[in-house]
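Chain residues, written in single-letter form:
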Amino acid sequence: MMFLAILFAFSVCFLLILIRLIAGKTTYDRILAANSIGTIVVLAISIHGFYMGRPEFIDISIVYALINFIGTVAVLKLFDKGKLGDK
Amino acid sequence: MITEIIINAFLVSFMLVIALFIVNTRKVIFTILLAGTYSLVAALMFVSLDAVDVAFTEASVGAGISTILFLAALSFLPKEEVQESFNKNNIFALSICLLIGGLLIWASYDLPMVGNENNPVHQHLVSDFIEGSKNHIGIPNVVTAILASYRGYDTFGETIVIYTAGLAVFILLYNRTLKETNKSVKNEISKK
Amino acid sequence: MINEIFGVWNYWIVFTLMMIGLYIVISKKSLLKKVVGLAIFQTSVFLLYITFGKIAGGTAPIITNNSEEIYSNPLPHVLILTAIVVGVATTALGLALIVRINKAYGSINEDEISAVDLVDYHEKFSEKKNK
Amino acid sequence: MIDSIINYSSIASLILGILFILIGSIGILRLPDVFSRIHASGMIDTAGTAFIILGMCLQSGISLITAKLIFIGIFIFFTSPITGHVTANLARKKGLKPISNNKGETL
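Protein chains in written order, with our numbering: chain Z, 1 to 87; chain U, 1 to 192; chain X, 1 to 131; chain V, 1 to 107.
Isolated chain Z, as found in the complex:
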């Protein structure tokens, strides 16, 4: 039951940040909000594993954490230099 309450709190936080992602004035706000949503989803997957009683699936959240970081840095690099490669 406690884990369910935590999941509900996560969904409230998700909604708050989603408003900032949609309404954000500058692109940096949106990138920041997308990154925070990624962190919250990582935590929510782990908590969901505990709620279902089978917490073996935390590997997924490891992959999420990696992908989230790589995606955010890629967006910022594209925004800085206008391209992804070195040339």
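Bear in mind the hints are in silico, worked out from the structure with no lab data behind them.
Mixed in with the good hints there might be a few duds.
[As the list claims (entries may be wrong)] Derived DEER-like restraints, expressed as beta-carbon distance ranges:
1) U:161 / V:19: 45 to 51 Å
2) Z:83 / U:170: 18 to 24 Å
3) Z:5 / X:117: 57 to 63 Å
4) U:148 / X:100: 32 to 38 Å
5) V:5 / U:76: 24 to 30 Å
6) X:83 / U:171: 22 to 28 Å
7) X:101 / U:116: 34 to 40 Å
8) U:87 / X:120: 36 to 42 Å
9) V:70 / U:17: 31 to 37 Å
10) U:96 / Z:12: 52 to 58 Å
11) Z:5 / V:5: 17 to 23 Å
[What the hints assert, rightly or not] SDA-like cross-link-like pairs, simulated, lysine to any residue; straight-line CA separation at most 20 Å:
12) U:27 / X:52
13) X:28 / X:110
14) U:88 / X:26
15) U:27 / X:102
16) V:97 / Z:76
17) U:88 / U:106
18) Z:83 / U:76
19) U:27 / U:88
20) X:28 / U:30
21) U:27 / Z:22
22) X:103 / U:81
23) U:27 / U:100
24) X:34 / U:26
25) U:27 / X:110
26) X:34 / U:118
27) Z:77 / U:65
28) V:97 / V:15
Note that beta-carbon positions come from the ideal geometry of N, C-alpha and C, so glycine has one too.
Based on the hints, put chains U, X and V in the right spot on chain Z.
Showing chains U, X and V alone in chain Z's frame:
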């Protein structure tokens, strides 16, 4: 177990909100950010629907590789879309979508309830596969057992599809000027 | 009552998502947006399949020592695993085509591309006439 | 006795973590500009994540799951400052100015 289904309903509504905002944005980079978030929420949804392997693939492929591919393509493309006003074509498209969507929702009353144990999907084959992967193959993960053993040829065809797509991308983006410079370099060498 | 509403709620939202994807593919002029629309459509179809495989109270189909465990249906998961990977191949091919079109026409807007085509056609036609 | 102590401390740390995350997300929504929002996002990434992972570790005991959880914690702990720094650096480079006081004047 109504709580599981309510969690799913919440998550899928978040996805609806994100998709509605994808329609209206004009900055392409914001579209890509929203699409990445969309597939992140989709993967969370897959976890809550017990499809762990699918969530793993969606996280690495849908949220990771797709986003990077979009960004790599965006670096060659214009960064902002042309403004469009709401015109006759949009009304045509909207009416077609409303018609098909209405028909599908009407048909959904005949679909079985989500999560019911007696649904027709769960009646055949599944128990065979679960028993078989325990006794014949010896892998605890049933999805991997089916994918690599019972339907191995199908997975082989999938790799061929990806190989073909990779070849096609290479042919499309192959730099033709490189060929010409090679020729001119060869000519110069032969002259000397 | 609440059981009935939430029992078909997933289907409703999945169909709505499908229609949003279809609307983007039909009505938006930007080619990149169309690829995003295709991705939305794909993901909604995946969700529909995975929703069919769910059993309430079941767990993921990874066999445990507990023999009375209920497992969700693994067959849709296998189908969708194949479909996701093929979907990414489609996206990559579409993006490569768009980059090539942008190189050739200098634009990825549908209207501008057809305008360039029209101009080319008229030039060729007038050349033939002059000869 | 020890079991109940571990259980209660895990619940306390989970609640503390969720409080931090809630405060951080309200901050992301309400603070005035990018540079102050990075502060709120850092709150989610460090304090909230650390407390929730600590709570889950206490809940699962000594096992492989705890190792994975600690790995996630370390990873987020190292990557989130990088993201925040790059965002702030880029925003400053592209000409955004932080707000100096509550009257809304820029520096």
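Now for the hints, and whether the structure bears them out:
no.	hint	verdict
1	U:161 / V:19: 45 to 51 Å	holds (49 Å)
2	Z:83 / U:170: 18 to 24 Å	holds (19 Å)
3	Z:5 / X:117: 57 to 63 Å	holds (60 Å)
4	U:148 / X:100: 32 to 38 Å	holds (36 Å)
5	V:5 / U:76: 24 to 30 Å	violated (60 Å)
6	X:83 / U:171: 22 to 28 Å	holds (25 Å)
7	X:101 / U:116: 34 to 40 Å	violated (48 Å)
8	U:87 / X:120: 36 to 42 Å	violated (26 Å)
9	V:70 / U:17: 31 to 37 Å	holds (34 Å)
10	U:96 / Z:12: 52 to 58 Å	violated (37 Å)
11	Z:5 / V:5: 17 to 23 Å	holds (21 Å)
12	U:27 / X:52	violated (36 Å)
13	X:28 / X:110	holds (9 Å)
14	U:88 / X:26	holds (13 Å)
15	U:27 / X:102	holds (18 Å)
16	V:97 / Z:76	holds (18 Å)
17	U:88 / U:106	violated (27 Å)
18	Z:83 / U:76	holds (8 Å)
19	U:27 / U:88	violated (24 Å)
20	X:28 / U:30	holds (16 Å)
21	U:27 / Z:22	holds (12 Å)
22	X:103 / U:81	holds (17 Å)
23	U:27 / U:100	violated (29 Å)
24	X:34 / U:26	holds (13 Å)
25	U:27 / X:110	holds (17 Å)
26	X:34 / U:118	violated (39 Å)
27	Z:77 / U:65	holds (16 Å)
28	V:97 / V:15	violated (36 Å)
In this structure, the earlier hints numbered 5, 7, 8, 10, 12, 17, 19, 23, 26 and 28 are contradicted, and the remaining ones agree with it.
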